[in-house]
Amino acid sequence: MTLTLASLDITANYYLVLAALLFTIGAVGLLTRRNVLVMFMCVELMLNAVNLTFVSFANELNDIRGQVIVLFVLSVAAAEVAVGLGIIVAIFRRRRGATADDLDLLRDPAQ
Amino acid sequence: MEAFIFFVFGALVLAGAFGVVLARNPVHCALSLVVTLVSVAVLFLQQDAHLVAAVQVVVYAGAIVVLFLFVIMLLGVDQADTLRDPLKAQRAAAVVLGLVLLAEVLFLTGHHWATGAKASASDSIRGGPPGLGNNVERVARSLFTDFLWPFEITAALLVLAVIGAVVLARRSRSVDDVVAEDAR
Numbered sequence: 001m002t003l004t005l006a007s008l009d010i011t012a013n014y015y016l017v018l019a020a021l022l023f024t025i026g027a028v029g030l031l032t033r034r035n036v037l038v039m040f041m042c043v044e045l046m047l048n049a050v051n052l053t054f055v056s057f058a059n060e061l062n063d064i065r066g067q068v069i070v071l072f073v074l075s076v077a078a079a080e081v082a083v084g085l086g087i088i089v090a091i092f093r094r095r096r097g098a099t100a101d102d103l104d105l106l107r108d109p110a111q
Numbered sequence: 112m113e114a115f116i117f118f119v120f121g122a123l124v125l126a127g128a129f130g131v132v133l134a135r136n137p138v139h140c141a142l143s144l145v146v147t148l149v150s151v152a153v154l155f156l157q158q159d160a161h162l163v164a165a166v167q168v169v170v171y172a173g174a175i176v177v178l179f180l181f182v183i184m185l186l187g188v189d190q191a192d193t194l195r196d197p198l199k200a201q202r203a204a205a206v207v208l209g210l211v212l213l214a215e216v217l218f219l220t221g222h223h224w225a226t227g228a229k230a231s232a233s234d235s236i237r238g239g240p241p242g243l244g245n246n247v248e249r250v251a252r253s254l255f256t257d258f259l260w261p262f263e264i265t266a267a268l269l270v271l272a273v274i275g276a277v278v279l280a281r282r283s284r285s286v287d288d289v290v291a292e293d294a295r
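In order, the protein sequence lines correspond to chains A and B. Here this note's numbering is used: the first residue of the first sequence is 1, the next is one more, and so on. Here this note's numbering is used: the first residue of the second sequence is 112, the next is one more, and so on.
A portion of the hints provided could be inaccurate.
What the hints assert, rightly or not - A partial selection of chain A residues facing chain B, derived with a Cβ cut-off under 8 Å:
1) Leu21
2) Leu22
3) Thr24
4) Val38
5) Met39
6) Val43
7) Ser56
8) Phe72
9) Ile87
10) Ala100
To be verified - Chain B stretches covered by chain A per the calculated footprint, using a threshold of three residues with CB under 8 Å from any CB of chain A:
11) 128-134
12) 137-149
Honestly, the hints are just simulated from the structure, not real lab data. Beta carbons: idealized from backbone N, C-alpha and C, even for Gly.
Taking the hints into account, I'd like the entire structure generated from these sequences.
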């Protein structure tokens, strides 16, 4: 059986699997990275995976509303980045360093 | 042709995502993010989402990543400690949990989806009654009729976000200064 690239039919499942991979990479990055800025970028990766899923289902079901939801997700992401980066700048003013491990103000000092 | 575009840009999406997670320098992370975002925009185009693809490039690559780069440049890059991890088991646990998450999502992907009511013909992406126009007109019709109230709430959200960002980033007087002034 020869499966040539041109004859391959790209269904919605291909896009869904790609979105799942993208979401997983973003989630693992969010858990492993220590730089707050990079953690934010990983959140953007996860949002993009969700957007890709929305557009894939919109295309599959022939429903324009899936694309409208993506516009809302985009605006929420923009608002989130504006506020989040403001918080990061405020943290930087107070203490040097943007790693998540520096933010241990609530930690029990005995440990 | 569709398969070719999907695999090329799907590979670019994953390569950019790995770049974001693995690059030591935050600037390289931001540039990898641009690769991912633009490739996702191409995949949007491939699925008849023309307006969303354009907005993706303009808002994400044009605004959000530039904002990231501004903050990176503003704060200065310290790349020495980015991959050091004080909690040894955390990274392995994160990878294991990520694989579990991937297995779950792929399990869901392979199933039949209950999609509820079918969209009305006026909400279709392709075809439908004549006079629906191109993709931008269809999105606009849905956005400004069915989704008008969420759209207005989005406007309020963006205004609040701008005010919040300005308040947070403003250089405020420290508490000690205020106490000293009150004592005077």
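Discussion item. Checking each numbered hint in turn, tell me which of them this model violates, lowest number first.
Written reply: Violated hints (numbers, rising): 5, 6 and 10; every other hint is consistent with the structure.
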